[in-house]
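Asks: Given next are the chains, with one letter for each unit.
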Amino acid sequence: MSGIAKEGTLRSVADFMRSYLLVVLIAALVIGTAIFEPRFLSGMNLINLMRQFGPLIMVALGMTFVIMGGFIDLSVAGIINLVAVVTISLIQIVGQVPALILGLAIGAACGALNSAVILSSGALTQAEALFMTFGMSTVYSALALLYSHGSTMHFWDINKSKSLFQAIGAGKVGPVSISFLIFLALLALLWLFQTKTTEGRAIRLTGGNKIAAELVGIRIRRSIVVIYTLCGLMAGVGAIVLFSRITTAAPVIGAGFETNAILAVVVGGTTLKGGNGSVLRTVMGVLLIILMSNCLNLLGVSPYLQVVAKGAILVFAIWLDNRKQ
Amino acid sequence: MSASSDSELIISIRDVSKTFPGVRALDKVSIDVRKGSVHGIVGENGAGKSTLMKILSGVYQKDSGTIVFDGEQIEGTTPQQSMKRGLAIIYQELNLVSTMSVGENIFLGRFKEMKGMRGSHAKARELLDSIDCKVDTHKLVSQLSVSLKQMVEIAKALSFKSKLIIMDEPSSSLTAEEMAELTKIIRQLREQGISIIYISHKLDEIFEFCDTVTVMRDGHAIDTRPTLEFTRNDMITKMVGRAIENEYPPRPAKVGGTLMEVRSITTRKLKDVSFTLREGEILGFVGLVGAGRTEIVRAVFGADKARGHSVFIGGKRVPIRNPRDAKRAGFGLIPEDRKLQGLILPFSVETNISMASMDNFSRFGFIRRSLEKGIGERQVKALSVKTPSVRVPVGNLSGGNQQKCIVGRWLEIAPKIFIMDEPTKGIDVGAKYEIYLLMKRIAEDGGAIILISSELPEVLNMSNRVLTIFEGRITGEFDPAVTAVDRIMASALGMKEVPA
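Sequence lines, in order, name chains E and P. Quick note on numbering: the first sequence equals residues 1 to 325 in the working numbering. Quick note on numbering: the second sequence equals residues 1001 to 1500 in the working numbering.
Read the hints as simulated data drawn from the structure, not as lab findings. Note that the structure is a prediction, hence the values are computed from the model and not measured. Be aware that a few hints might be false.
Cβ-to-Cβ under 10 Å is the rule here; a few derived chain P residues that face chain E [said to hold, decoys possible]: (1) Tyr1248; (2) Arg1251; (3) Pro1323; (4) Pro1335; (5) Gly1342; (6) Pro1346; (7) Phe1347; (8) Asn1352; (9) Met1355; (10) Ala1356; (11) Phe1366; (12) Ser1370; (13) Arg1409; (14) Trp1410.
Note that CB positions come from ideal geometry on N, CA and C, so glycine has one too.
For reference, chain P alone in the conformation it holds in the complex (with noise of 0.2 Å):
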């Protein structure tokens, strides 16, 4: 590491480690910011990026090392008085008050000092001209996208002359040309010589703008250097630390006859949609976010009410009412948002495993717990899910074991239909790999697979075939293995004329 003074650096932790109730969330981490630089931090969920920078904002209290910021050194601090100091810090969910106006926001607590709402508003205009945003400071922050939300939080770090600012992945559910110009304006920051601590695990942010990477695994800064010493693989095998040798297996192989077929389904949003899925087939769906992609598998498992809806499996038509329904015809579904629809945080690891599997635990409406137990651990065990024990709460586990615990709910009543939208969501490259092979297993066990997925390569990569969706009707029909991106893309955005 090369030696730098002190006064180089905007902020420098020594040593700092914290505890939660069976965890070591970490372990001595240290880390150096040099001022105006953009420092990157990558590693899998549950490496304690996170946790470190909840420690810097003052959401967390560290255990024991020391923080210095700005030459000034850091204890018992809270939120407000980090911001006041000129740290700033931007959630991957983002803390904006939704029925309030840009302005509002921006100055939320301080209109006194910014003399009332006028004085407010003409700030926050000049705060938004500064990273040429064009948003209207009078809009309500409901009426933005996710996008614009987080350039009214970027211009609200600045309304409080931060020097460092810490971005928690931000590009998480971002369009490309959104995260083009996201880009644009962390180097224009920097320029400025504000600081920032960009967390993601996006490696090709990472290598496009950071100046110095860390690593962290398991509670541990790995390596910190300039990015420029770093190759992807190298970073890839630090992180997870083992070699990975590719971000995908192969295809499942034996795709055969029709197992489901689904006929019109209609919905407020969806027009007439009908497909078929085939045995041992991971079936893509790929389109736009809100192009109907989850209101469709929403709308077989029967989580949505549907008209003129038809599910045929082998043949036969099966009535799909409620989800119950669809879990007795063989589906399982991984539903969009893992922790308010797919988990109950507060209860432990068994319970949210055995949830769907309660008629093959239970006599008679009686619970057998010697069943139950059986249950947990032996998906704890195939599935490999890091915890503790099963008796700890789900929502201590990180993003991938917590996905797995979903999976492993669903395997033990071995579903023919799988539902998975967006299984990788928020999961580290290892936890993903895993998923991936998983799914292999599932469809070569003779499953099927419908795929949602924002990552594009994903659904390329994993899918036998892929479906477009555009505003709630498919519009197109691709094997992923032979055909150009752009002609798929171009399918997903509606387009007539599709590109040779």
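Bound-form chain E, shown alone (with noise of 0.2 Å):
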């Protein structure tokens, strides 16, 4: 019976190791870049780390559930072109707080546009949506293109008071930004959703198995709107951290945001294939990327190099994934 038990002791340490694998890299990323070089610890990068962590992480958050509803969505880049843009000059406008709100519920409403468009043609599959929502995402760039004509908008072309926007870009309590609070305040908010809601089991039942749970009464249509509406509202949020923070909005200012939300999402070990994840995982997973980044960075590593090994870590996220079933 030793034999069992060693079998045993194996077994969870492999298990350990794929539950934590993500914790161990990122372990040993830190302590391994700290020692090569001491400039990693230093105050000004970690508030450089702190700050990179914001707009990204928003995104992310969205996109857990619409992955984890056994969907995806590529629309995210252009929802924050169009947010961004859109947000930007309402300020002059409307003033900052409607244009705070406007902003939110335009993400939200392109979000509900994506789902209203899949769900009427009925093209339930993630393949399906991954094509519809890229076609979606050149849509809501192009338009903040007509609306913006091209041009980039600053903050000091605004006259009107722009404190709010200021303060979530730049702020801070103490020695923590106010980002970093916005965005605490929205994982406890979405953690709870994802865990203690019926809307929450509902998303994960629909990423697991779309017919059994329609079958035992789920109403899957209303979770693809909710996870798609959040996940523009998300990207909406993501607009708005990072325009406030770099101070301007350009229409393709969104780009690339797609890929390194799903990265982060399926690097933090949410499946692709629907139903099992968590957006604390996706922290994990942005956290990783971030760090990889700023590490190569500080290391010298090409920057070509540095998209080649974001590649190269999605693929095996994906492996990974697919050896565990």
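Combine the two chains into a complex, taking the hints into account.
Replies: See below:
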């Protein structure tokens, strides 16, 4: 029987590695870089890290629900473009608080539109959703270009009060940035939504098996509307955090966010097959990606090679996910 | 066990063990198969039959033990290597490329060796002729019936000059005639000196053509003997580990007044279907696969769109637009395909059981975990689901236990009308009986059941009343207790003149 016992230990080590691979990787990355490059732990660098965390994590948190529900959303780049240019110009027109609210509403509306297109076409597979939302992304991006005439807007062009956005972009409470506090609050809310609400459960069931879920009376169409609307809303939040930080909004500001968000979600361990996943995992995924690019920067690795590393990690994450099954 | 020298054996399995997380799937299993014999393997789902076969073919690796195939010890093999070595396996869910032709499927990946497509088709023709199969080698596999696909698989196995062919539940979706055809081919293969391992739940087949039988239970090879030395009861007792008196419990006794009335469902496949269901009754639907049995219940349940469809419960019209409405109106459904439509395989037993009754353990849209935990535990206990805990993925359980989880999911909300579409498909004898008892209990508690089954004895023995369905219409209504089977079958086959 000792054979079995030993096998059991080996297996639990393997299980541990699978579940906590990410934590191990992050720890290794931090320790390794700190040894080779002491600047890594400097206050400046850590603040810089926290700031980078902002926009991507917002988008990735929303994306987590779409992927958990068994779908995917490539339109977040387009939504970010549109929300950013419209919101910044609205500050001048309607004032900052209405601008903020309208900006978020546009993000949510774009997401809801995605779900409406998907549901009305009946294209309920992940692959179909991929192409549908890719198409919608170009639509939103084009609208952003049309609206802005292709030009970039700056905070200094606005002569009305923009203190709210300046606070989001650079404000601090003690040593902690306001955008980080926003992130913590949203994370807590979304985590509650994911784990404690019936809608959160419905999303997981839909992602796990749409047909089975529908046959026990789960409103899968509603779940699809919810995940896309939420994802659009969070892309809107990401857009606002992003342009507030860099104080300008170009109509191409969102480029690349869709791939990075999906990367973060999948690397975090939310399965592309739908069903299993968590916003907490996504936080780890984002952390890993940002830390990695920061470390590679500090170590002087070529940016081209960094792109290769990102791609490799995505492939590896999907590979690992499939090996688990 | 009769001693036979090693040279007479095509395969010798010695003390093979395999453990999966939490399950000892095989425990020191030893089986010898003689050359040129048909060796049956029977056992309940979860007995380890499929695991053993997957080890033989190289899909899984054994943890310990030895396997000698045709005088050669096998270690760390892959399915491709096994094929080349002469060990072919034909799975229940056939492994063909449906968008390619018959000939292409047989020589998939070997076109070069066959000197191109023309050679492949010619050789395929030859192989198919050798088993009396007339199908055109240029036909797409997607256009073939299940039995023809099986023939293609057999031809493919022959193309590798297989010495041993393993058939995993080959009969589960065959008609009686197709089965007779398969029986003929199996005998023919045996005459050619090819050995066959035949896995099945159906004892009739085992007794018909197997030379030797191994009974497996809980990962052990319980007994191996010449078929003639077994009696039917003997075999069932060994399979389930206890004696089973009857295959079916008596029908529910107290049938009350009308519970539900369905008026004129019409869909693309159904023509003006109307019927009633009474309290405490089991109503059986009899018909060929594709006759529209499943379509009727799906339309009633709101899973498919239907025109001019009205369901009356207790005399009142209930609008059912989707499964959610159906659930609210007191319906429960065990869908036809357990894995595709019933379960979320990677999710826990608990989540799979609780998913229909979310309203019972939530308030204001928030889940109350303490209540949910009780649900999983309660149903697992009530239905004696065999599982190490409610937290393991439901996909790890055997077929019968998976089905119990689906039943339990609905029992939690106590539906008045329970629709069961092939509730015992792919489930072993012992678990079947338990499901039958459950059905009886549901009916006797005042519920009603619509039962669809392709196993005629099951519908006839369980139902108080059966409706025959042919080409989307109801063609007859019978009391199975007093009606001859051939009259019911004739009606299900759409014959006007019903033999007396």
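Asks: Hint by hint, say whether it matches the structure.
Replies: We went through each hint and held it up to the structure:
1. The interface hint given for Tyr1248/P is violated, since its Cβ lies 27 Å from the closest Cβ of chain E, which is over the 10 Å cut-off.
2. Hint on Arg1251/P is violated. Least Cβ distance to chain E is approximately 28 Å, over the 10 Å limit.
3. With 10 Å as the threshold, the beta carbon of Pro1323/P comes within range of chain E, its nearest partner Cβ sitting at about 5 Å, so the hint holds.
4. Given the 10 Å rule on beta carbons, the hint for Pro1335/P holds: about 6 Å separates it from the nearest Cβ of chain E.
5. The restraint placing Gly1342/P at the interface with chain E holds, with a minimum CB-CB distance near 6 Å, inside the 10 Å limit.
6. The beta carbon of Pro1346/P comes within 6 Å of a beta carbon in chain E, closer than 10 Å, and the hint placing it at the interface holds.
7. With 10 Å as the threshold, the beta carbon of Phe1347/P comes within range of chain E, its nearest partner Cβ sitting at about 5 Å, so the hint holds.
8. Interface hint at Asn1352/P: satisfied, since its Cβ lies 8 Å from the closest Cβ of chain E, which is below the 10 Å cut-off.
9. Evaluation of the Met1355/P hint against chain E yields a held restraint, the C-beta minimum of about 5 Å falling below 10 Å.
10. Among the interface hints, the one on Ala1356/P holds; its C-beta lies about 4 Å from the nearest C-beta in chain E, closer than the 10 Å criterion.
11. Given hint, Phe1366/P at the interface with chain E, holds; its Cβ is 5 Å from that chain's nearest Cβ, closer than 10 Å.
12. The closest approach between the C-beta of Ser1370/P and any C-beta of chain E is roughly 12 Å, which is over the 10 Å cut-off, so the hint fails.
13. The closest approach between the C-beta of Arg1409/P and any C-beta of chain E is roughly 7 Å, which is under the 10 Å cut-off, so the hint is satisfied.
14. Look at Trp1410/P: its Cβ gets to within about 8 Å of chain E, closer than 10 Å, so that hint holds up.
Consistency note: the structure conflicts with the earlier hints numbered 1, 2, 12.
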